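Asks: Chains as they are written, first to last, in my numbering: chain R, 1 to 369; chain F, 370 to 462.
Just so you know, the hints here were simulated from the structure itself, not pulled from any lab data. Among the hints, a few may not be true.
Here are the simulated lysine to aspartate or glutamate pairs, EDC-like style, with alpha carbons at most 16 Å apart [what the hints assert, rightly or not]:
# : chain 1 : residue 1 : chain 2 : residue 2
1 : F       : Lys395    : F       : Asp375
2 : R       : Lys276    : R       : Asp81
3 : R       : Lys221    : F       : Glu413
4 : F       : Lys388    : R       : Asp81
5 : R       : Lys307    : R       : Asp295
6 : R       : Lys192    : R       : Glu363
7 : R       : Lys219    : R       : Asp295
8 : R       : Lys221    : R       : Asp295
9 : R       : Lys219    : F       : Glu453
Bear in mind the structure is a predicted one, so any value in this text is a computation, not a measurement.
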Amino acid sequence: MEQALVRPYSLLCELTYSCPLQCPYCSNPPDFMAHTEELSTHEWLRFIDEAAALGVVQVNFSGGEPLLRRDLSQLVRKAYDIGLYTHLITGGTLLNDKILSELRSSGLDSLQVSIQDANPFVSDRIAGGLASFKKKKNSILLAKNAGFALTINVVLHRQNLANIKAIIGLAEDFGVERLELANTQFNGWALKNRNSLLPTQSQVQCAAAVVEAARNRLKGKMEILYVLPDYFEPYPKPCLNGWGRIFMTIAPDGTVLPCQAAREICGLTFENARNKPLDKIWFESDSFRMFRGTDWMPEPCRSCARKTIDFGGCRCQAFLLTGNVQATDPACSLSPYHFIVEQAVKEAEKGSRERWVYRNEQESKGESF
Amino acid sequence: MVFISDTSIPHLAPKVRVKWDHIRQKYLLLFPEGVLVLNQTAQEIIAMCNGHHNVIAIVRTLSDRYKSQDVDLDVHEMLNRLSEKRLLLLSES
Chain R
1 MEQALVRPYS
11 LLCELTYSCP
21 LQCPYCSNPP
31 DFMAHTEELS
41 THEWLRFIDE
51 AAALGVVQVN
61 FSGGEPLLRR
71 DLSQLVRKAY
81 DIGLYTHLIT
91 GGTLLNDKIL
101 SELRSSGLDS
111 LQVSIQDANP
121 FVSDRIAGGL
131 ASFKKKKNSI
141 LLAKNAGFAL
151 TINVVLHRQN
161 LANIKAIIGL
171 AEDFGVERLE
181 LANTQFNGWA
191 LKNRNSLLPT
201 QSQVQCAAAV
211 VEAARNRLKG
221 KMEILYVLPD
231 YFEPYPKPCL
241 NGWGRIFMTI
251 APDGTVLPCQ
261 AAREICGLTF
271 ENARNKPLDK
281 IWFESDSFRM
291 FRGTDWMPEP
301 CRSCARKTID
311 FGGCRCQAFL
321 LTGNVQATDP
331 ACSLSPYHFI
341 VEQAVKEAEK
351 GSRERWVYRN
361 EQESKGESF
Chain F
370 MVFISDTSIP
380 HLAPKVRVKW
390 DHIRQKYLLL
400 FPEGVLVLNQ
410 TAQEIIAMCN
420 GHHNVIAIVR
430 TLSDRYKSQD
440 VDLDVHEMLN
450 RLSEKRLLLL
460 SES
């Protein structure tokens, strides 16, 4: 009964899959080139209204690079005008004073800029070779001057974990109030590049100690979020705090997803907001109801005391590693497939360093047949 | 460490918004990538975090209203948690 009353708090609007960067752990689906059609401004405005009526109170604008959409400020203003909290997630290379002041007057509440490392050369290499770091740095300073509440986001992996102290130091120098250190989640592009991105156990432990010390030192000055790598944890992440429970994503082409990575799960069909109102999709569609709550769970989740803590972990990871979307997340030490994760961790200790595949249009086209 | 004294005057950081959610019939605290559903007491504490009341005044108001000794701890716990996340900012009287 109670399940029927669950309403989403948060909507992720992925405005475009286009991006000037090519980070090898991008959360966009590997076959993004098969979904290049984009919603019109009018459609986005309508879906933001529908989302608010459904219970959404917070809208995150992301991509690809959301600043490639010329209507971004218009969409932000719309969300602001109907009382939603707005947050922009950007790579930061396209920000300038004019756009910042436009976003400011549209009511944007907070702004998140990614950097790939504290070292400009490493950052540029991870982002795909263009000189992006300098632009990002400049954007961060401009955004600060414009009075924005700033979050810096850094995805962590084998190639930059050793620099974590410098990364924290840089965020401090920037004077931002929030630093999000997110260990790579191995779905999509990151899974393709796991051999060059998966860290070693000792890298992870050293980084955790550095973060802990910095957190204590900076308490009340800068909030540091540290998302642990689930390959090294005994239990899986409470992915999205449960499928179809709090979050909803609208992809650039209008596909409505419980999670931005979910379109990688073969065999699931997702509805499009163009064809059906969001409330119908949220409450009635198979794609949202399938893993809502705990009734769908197999063992060992079904009888597990943690089933309402981690909700069986990540469905995408379960599918990608075991081929079975219903399975317990193999990151869980109780999963019968946990050996897959252990094997990968063991491989990483050997120090294999294949070259990674950049996330770009050419590589994506190879995915779509 | 965040140090909150009796004379600290808390106010909400500019990035934080309080919203009445008419669908859920609750007050919410909204901030980057987070939502806090406020219960009655929490909402009353937040309402006083407007830069005009110090911690003593907030504790006194809530103790009088609820005739309870535990309010002191509740208020401190909440102010501490929100200050650590920089959702509340403190000034001194």
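Asks: Evaluate each hint against the coordinates.
Replies: We went through each hint and held it up to the structure:
1. F/Lys395 to F/Asp375: This hinted pair is violated, its Cα atoms lying about 29 Å apart.
2. R/Lys276 to R/Asp81: 24 Å, violated
3. R/Lys221 to F/Glu413: With Cα atoms ~26 Å apart, R/Lys221 and F/Glu413 exceed 16 Å; violated.
4. F/Lys388 to R/Asp81: Measuring from Cα to Cα gives roughly 13 Å; hence the hint holds.
5. R/Lys307 to R/Asp295: Holds, at about 10 Å.
6. R/Lys192 to R/Glu363: 11 Å, holds
7. R/Lys219 to R/Asp295: Distance ~41 Å between R/Lys219 and R/Asp295 Cα, so the pair is violated.
8. R/Lys221 to R/Asp295: 43 Å, violated
9. R/Lys219 to F/Glu453: Satisfied, since the Cα-Cα distance of roughly 6 Å is no more than 16 Å.
In the structure shown, a violation is registered for the earlier hints numbered 1, 2, 3, 7 and 8, in ascending order.
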